[in-house]
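Asker: Sequence:
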Amino acid sequence: MSTALIIVDIQNDYFPNGKMELSNPEKAASNAAKVLDWFRQNHKDNIFHVQHIASDPALGFFLPDSEGVKIHEAVLPLENESIINKHFPNSFLQTELQSKLKEKEITKVVVVGMMTHMCIDATVRAAVDLGYETTLIEDACATRELSYQNKVVPAEQVHYAFVGALNGMYCDVKSTEDFTSQ
947 MSTALIIVDI QNDYFPNGKM ELSNPEKAAS NAAKVLDWFR QNHKDNIFHV QHIASDPALG
1007 FFLPDSEGVK IHEAVLPLEN ESIINKHFPN SFLQTELQSK LKEKEITKVV VVGMMTHMCI
1067 DATVRAAVDL GYETTLIEDA CATRELSYQN KVVPAEQVHY AFVGALNGMY CDVKSTEDFT
1127 SQ
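Numbering-wise (our numbering), the sequence shown opens with residue 947 and increments by one.
These are calculated hints, taken from the structure and not from any lab test.
A few of these clues could be false.
Claimed, not checked - No more than 16 Å apart at the CA atoms, straight line, and that leaves these computed lysine to aspartate or glutamate pairs for EDC-like:
#, residue 1, residue 2
1, 980, 1075
2, 1048, 1075
3, 1054, 1075
4, 973, 1123
All values reported here derive from a predicted model rather than from experimental measurement.
Whenever a hint applies, use it, and build me the whole structure from the sequences.
Answerer: Written as structure tokens, this is what we have:
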């Protein structure tokens, strides 16, 4: 069975001085880079970088031709690695990701990236719905605090609530160390 890495939205706007700074994006990016290195050694032709480009400037970040939309230096694509542009949280929605995975006869995907509660959640659920055996590397993902009606949910709780909801029913959740030492 062929396995691919999907790196979702590790882009400059999610880092300090970006327009949508997350909680601990550096740690998540560092772990994603370790997973990326593992793939470059073991499945080098099966790496897909997903880059969100805002189709509506009202989003306020990932604006076309901005520094914030660029893929972060920790996980910069190599020339032979695919870059998939997207405009929605789900990395499969109106993109060429699924067709590229089919071309390579991919049956398993490993997902890392940002934001856990939005694009990671949507992408993992879509991957499973499309029939891919899916692994989420939870410490290679990051999110931010959320609020609703004056209630604030800290980023760590947001992250673990979404990871916990995905674990088992939707995907196998692993740490970077557990995944790269297999």
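Asker: Broken hints, numbered, in rising order?
Answerer: 1
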